[in-house]
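J.: Given chain W, work out where chain P should sit, using these hints.
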Amino acid sequence: MHGDMAMLLLADSRLPAGGHAHSGGAEEAVRVGAITGPEDLARFLRGRLATAGVVTAALAAAACELGADPAQERWRRLDAEADARISSPAQRDASRTQGRLLVRTTRRIWPSEALDSLAAAVPDGAHHPVALGAAAAAAGCEPRQAALAAAYTSVTAPATAAVRLLGLDPVLVHRLLADLAPALNDAAHEACVIQADDWSSLPAHAAPALDLLAEQHLRTEVRLFVS
Amino acid sequence: METLRSDPPLTLRQTGPGVVHLVSTAAGPLGGDHFELTIDVAPHTTLAVHSVASTLALPGLSRLTVTARVGARAALRYSPEPIVLAAGCDLRVAVRLTLAPGATVFWREELVFGRYGEASGRCHSRFDAIVDDVPLLRQELLVGDPAVDDSPAVYGSARCVGSTLLTGDLPRERHLADGCAVLPLAGPGTLVSALAADTVELRRRLEWGERLADKSLP
Numbered sequence: 001m002h003g004d005m006a007m008l009l010l011a012d013s014r015l016p017a018g019g020h021a022h023s024g025g026a027e028e029a030v031r032v033g034a035i036t037g038p039e040d041l042a043r044f045l046r047g048r049l050a051t052a053g054v055v056t057a058a059l060a061a062a063a064c065e066l067g068a069d070p071a072q073e074r075w076r077r078l079d080a081e082a083d084a085r086i087s088s089p090a091q092r093d094a095s096r097t098q099g100r101l102l103v104r105t106t107r108r109i110w111p112s113e114a115l116d117s118l119a120a121a122v123p124d125g126a127h128h129p130v131a132l133g134a135a136a137a138a139a140g141c142e143p144r145q146a147a148l149a150a151a152y153t154s155v156t157a158p159a160t161a162a163v164r165l166l167g168l169d170p171v172l173v174h175r176l177l178a179d180l181a182p183a184l185n186d187a188a189h190e191a192c193v194i195q196a197d198d199w200s201s202l203p204a205h206a207a208p209a210l211d212l213l214a215e216q217h218l219r220t221e222v223r224l225f226v227s
Numbered sequence: 001m002e003t004l005r006s007d008p009p010l011t012l013r014q015t016g017p018g019v020v021h022l023v024s025t026a027a028g029p030l031g032g033d034h035f036e037l038t039i040d041v042a043p044h045t046t047l048a049v050h051s052v053a054s055t056l057a058l059p060g061l062s063r064l065t066v067t068a069r070v071g072a073r074a075a076l077r078y079s080p081e082p083i084v085l086a087a088g089c090d091l092r093v094a095v096r097l098t099l100a101p102g103a104t105v106f107w108r109e110e111l112v113f114g115r116y117g118e119a120s121g122r123c124h125s126r127f128d129a130i131v132d133d134v135p136l137l138r139q140e141l142l143v144g145d146p147a148v149d150d151s152p153a154v155y156g157s158a159r160c161v162g163s164t165l166l167t168g169d170l171p172r173e174r175h176l177a178d179g180c181a182v183l184p185l186a187g188p189g190t191l192v193s194a195l196a197a198d199t200v201e202l203r204r205r206l207e208w209g210e211r212l213a214d215k216s217l218p
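Respectively, the protein sequence lines represent chains W and P.
Going by my numbering, the first sequence opens with residue 1, and the numbers climb by one from there.
Going by my numbering, the second sequence opens with residue 1, and the numbers climb by one from there.
Looking at chain W on its own, in the form it has when it is part of the complex (with noise of 0.2 Å):
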């Protein structure tokens, strides 16, 4: 159908529910010294992909399969498996507030079943990768588009924080972004290969260092990012 498109504009950063005020722990790494350059920046994203991108990939094909036969009590499940991904409370808050954020701006976008009920199952904010998937499935996507998007925002996001905080080159960052074409491809198709009904499966990398950043991050005084 629709899909192809409607993944571009999930993945653009110009959608507005409020994608840009993260980094995705990027801020803080560039504060404590963990993030200096091109080359940090690089091993920082691919480490991201591989944790958290590949987490939030299954978690949104996940959501975009259910999102066609939608149920409150299977998005409360679901959205329960994010939260036993995510030990960081500075995460899962971070993770709520995109989430409540996309579901709002992608309810009067793409007017679904998928949305309202999961809009009306976890009505403090589904994590974000779920609300990605509902979204992907109000608009027509397949569950491997879902992923797809799902893993281009988990890496684009701190890219972009990247090149503001350090003034990087940002021809040079979008060639770091393309060096990650190949595992972004894989992130989606495991998150899809493992689809099932039974989510206890589904792939919980866990990042220790992001969850520190992200505590850090809280009480940090000046931030330019959410997280």
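In short, the hints are calculated from the structure, not lab data.
Mixed in with the good hints, there may be bad ones.
Claimed, not checked - If you want the footprint, here are the derived chain W segments under chain P, 3+ residues with CB under 8 Å:
(1) 11-20
(2) 28-37
(3) 48-59
(4) 83-95
Quick caveat: nothing in here was measured; it's all calculated off a predicted structure.
For glycine and all other residues, C-beta sits at the position ideal for the given N, C-alpha and C.
T.: Chain P only, in chain W's frame:
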């Protein structure tokens, strides 16, 4: 203690009332090995599982599977010494922890990326903790994988990673120090998560967090 059964290379020794030590009576795990440990803690009972020494994962594909069930009002403390990933190892760890409501657990795991001065072997671990049929914590760790090695997002420059899951009647407070965070989970539990350059520092950081997560700890 109702049942205590083991076969070499993993031997269980009762070392006190409700206390068991794991003793490795052979080197390993080595390629081809599959170690399995099953722990059942009956309601209203207490068990502590320790090990006498760290585990050295040796070259080749090996597996370690731990299944633990903790009954209502029962308490389990699982705190073996670290697993050291020797160069060339490919260790798969699967831990499944099933808790009844009100069960108290202290579950510590530590991974060391190679012996002193050695490149790390590979490890893929998966930890699933379920409380009353609701997932509390699902966490996979990849070590020795080019995608995560040296990434400031995953382990940074650390050479060891560790965590302790605590459940029970705990304060829902966050704490943070250099390389260690006390993280109240969405469900009824707290994760202490730490990164460090060496095992001594890792243990010090975890113990700092454990005492803040559970103020009744000594």
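J.: Do at least three Cβ atoms from the stretch 48-59 of chain W come closer than 8 Å to Cβ atoms of chain P?
T.: holds (count 5)
J.: Do three or more residues of the stretch 28-37 of chain W come closer than 8 Å to chain P, measuring C-beta to C-beta?
T.: Satisfied; 3 residues make the cut.
J.: Are at least 3 residues of the stretch 11-20 of chain W within less than 8 Å of chain P when you compare beta carbons?
T.: Check failed, 0 qualifying residues.
J.: For the stretch 83-95 of chain W, do three or more residues have a beta carbon lying closer than 8 Å to a beta carbon of chain P?
T.: holds (count 8)
The structure fails hint 1 only (numbered hints given earlier).
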